[in-house]
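Protein sequence lines, in the order shown, are assigned to chains A and B. Numbering-wise, the first sequence is residues -3 to 144 according to the working numbering. Numbering-wise, the second sequence is residues 37 to 359 according to the working numbering.
Just so you know, not all the hints are guaranteed correct.
Anything over 12 Å on all C-beta distances counts as not near chain B; from chain A, calculated [as the list claims (entries may be wrong)]: (1) Ile13; (2) Ser58; (3) Val69; (4) Val84; (5) Arg92; (6) Met104; (7) Arg107; (8) Leu108.
Restraint ranges, calculated between C-beta atoms of paired labels, are given here [unchecked claim]: (9) B:Asp192 x A:Leu80: 16 to 26 Å; (10) A:Ser22 x B:Glu115: 21 to 31 Å; (11) B:Ala76 x A:Gln57: 25 to 35 Å; (12) B:Asp97 x A:Asn11: 49 to 59 Å; (13) B:Ser117 x A:Tyr140: 24 to 34 Å; (14) B:Leu338 x A:Ser22: 46 to 56 Å; (15) B:Asp326 x A:Leu80: 26 to 36 Å; (16) A:Pro141 x B:Asp238: 24 to 34 Å; (17) B:Gly146 x A:Ser85: 14 to 24 Å; (18) A:Leu80 x B:Gly146: 23 to 33 Å; (19) A:Lys15 x B:Glu153: 20 to 30 Å; (20) A:Pro86 x B:Ser243: 28 to 38 Å; (21) B:Glu153 x A:Arg19: 46 to 56 Å; (22) A:Lys15 x B:Glu242: 52 to 62 Å.
Partial list, derived from the structure: chain A residues whose beta carbon lies under 10 Å from chain B [as the list claims (entries may be wrong)]: (23) Pro6; (24) Asp8; (25) Ala12; (26) Leu20; (27) Ala95; (28) Ala99; (29) Glu100; (30) Met111; (31) Gly114; (32) Gly135.
No lab work stands behind these hints, which were simulated from the structure alone. This one's a predicted model, so the numbers in the text were calculated from it and none came from an experiment. Each residue gets a CB set at the ideal place from its N, CA and C atoms; glycine is no exception.
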Amino acid sequence: MWSDTEPDLPRDTRNAIMKRLTRLLSPLLILALVIGSLPAIAAVPAADQGLVGTTTLLDAQSSQQDRDKIRRVLAREDVQQQLLLQGVSPAEVENRVAALSDAEARQMADRLDQMPAGASVVGALFAVFIILLVTDILGLTDVYPFTR
Amino acid sequence: MTGLFSTAGRQNARPAGVLALVLTLLLLTGCATAPSLSPATRQALPSMALNEVVPFHGQRDYQCGPASLAMALEAAGLEVSVDELIPQVFLPGRDGSVQPEMLATVRRHGRIPFRLEGDFATLLDELAADHPVVVMQNLSLPAFPQWHYAVAIGYDLPAEELVLHTGMTPSRRIGFARFDATWARSERWAFVALPPGELPADANAESATRAIADFETVQGSEAALPAWQALAERHPDVATIQFALGNARHATGDADAAMAAFQAAVNADPELAPAWLNLGIVAADQDRLDTAREALSRAAALPGPWQSRAREERQALETEDDA
């Protein structure tokens, strides 16, 4: 883009301009993101004006403190991002996150990568075929139906 | 060449190797012994149970999660297809479905997921109560996991067999020992999906309260009210449950019944400040000023995170009185 408009600028100057631009833009972007997420964070305590809610009491009893509210909102946003990366359609992602409980959202935000994903009964790698065959016969595993 | 590979040694090498392999595997995985059921448990259970109403959906590709959910939800009285569930629970990037989303999807469809806690006997109890149980197994060894969801629909005590809708096989019979070995690797993860108002056979008060509260957050108080009602009937002396029932009744516009529930909550636990506070707020709304004044004073006298709120409410009531 720069070279189109000002082809004669030396590389050093161009870099300097870029650097100054980045330095100007970054704080602005951070500010915009923070302000953007404020309504979501502020909305949670506002809901507490009526009766003391059931989940509020349960959280207090299980020593999950109020300060967690911000983390809850962030956890849900985090899960949403991760689901999109895993190929969930954008149209579904919001509904899927909304159906999670706070604890589940936090679990997924913390360790989705390590979570077991129930998949199928398709066969295992050949490298472990023999071991699993033996364990199947011993009744420790259930990989190959023909062992029974 | 060492002595092990000499002519005499070579003859013994193969059996010795097999023995070593078997012993190592046994050490690694523990023995597949049948789960122990106490004689009392056996006595209490019917010797056989089979829920033949549970429909079967074969899984395609990696979709045992959606297939298991479809079976459990249909058994709970819902018309829902596997194809409809796939975009709601399947994770393409993982070629599978994760546990929290299995529970969340049940919630989305207006059924309450109750996690089973405990052991093999708990599973049999649910099956005896005709509740199909979604279980997570690791069919393979911990080192090369093969995670899988299946639906348990019955058991046969004399034969020591469990009946599972699994993979492409409806009503497959599998020995208790083998099943428990594969199930234990998921830390015996399992749940039942029930319509609001029905409870698991072994509902533990605390975890059932959490399950219904999470459901209420997603589906609203009106949908959750029958579940609170049922849980409060089963555990009439648990203050938290009466408190939750009061909130759900209040949210659905039944102030008198809500006050009765909050009253039951403080009878069960006079130290439960939020119950006094909510009782006071609702009573004040209903112009039951004596009740309101007493309840708010009790709440204001209890130390804790709700004390300041209780004092404010009491103050507001006094000022209103004077005016």
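Going through the hints against the structure:
| no. | hint | result |
| --- | --- | --- |
| 1 | Ile13 | holds, 39 Å |
| 2 | Ser58 | violated, 8 Å |
| 3 | Val69 | holds, 14 Å |
| 4 | Val84 | violated, 7 Å |
| 5 | Arg92 | violated, 6 Å |
| 6 | Met104 | violated, 5 Å |
| 7 | Arg107 | violated, 10 Å |
| 8 | Leu108 | violated, 7 Å |
| 9 | B:Asp192 x A:Leu80: 16 to 26 Å | violated, 45 Å |
| 10 | A:Ser22 x B:Glu115: 21 to 31 Å | violated, 52 Å |
| 11 | B:Ala76 x A:Gln57: 25 to 35 Å | holds, 33 Å |
| 12 | B:Asp97 x A:Asn11: 49 to 59 Å | holds, 50 Å |
| 13 | B:Ser117 x A:Tyr140: 24 to 34 Å | holds, 30 Å |
| 14 | B:Leu338 x A:Ser22: 46 to 56 Å | holds, 49 Å |
| 15 | B:Asp326 x A:Leu80: 26 to 36 Å | violated, 56 Å |
| 16 | A:Pro141 x B:Asp238: 24 to 34 Å | holds, 32 Å |
| 17 | B:Gly146 x A:Ser85: 14 to 24 Å | holds, 22 Å |
| 18 | A:Leu80 x B:Gly146: 23 to 33 Å | holds, 26 Å |
| 19 | A:Lys15 x B:Glu153: 20 to 30 Å | violated, 58 Å |
| 20 | A:Pro86 x B:Ser243: 28 to 38 Å | holds, 34 Å |
| 21 | B:Glu153 x A:Arg19: 46 to 56 Å | holds, 55 Å |
| 22 | A:Lys15 x B:Glu242: 52 to 62 Å | holds, 57 Å |
| 23 | Pro6 | violated, 45 Å |
| 24 | Asp8 | violated, 43 Å |
| 25 | Ala12 | violated, 41 Å |
| 26 | Leu20 | violated, 37 Å |
| 27 | Ala95 | holds, 4 Å |
| 28 | Ala99 | holds, 8 Å |
| 29 | Glu100 | holds, 4 Å |
| 30 | Met111 | holds, 5 Å |
| 31 | Gly114 | holds, 4 Å |
| 32 | Gly135 | holds, 4 Å |
Taken one by one, the earlier hints fail for this structure at numbers 2, 4, 5, 6, 7, 8, 9, 10, 15, 19, 23, 24, 25, 26, listed in ascending order.
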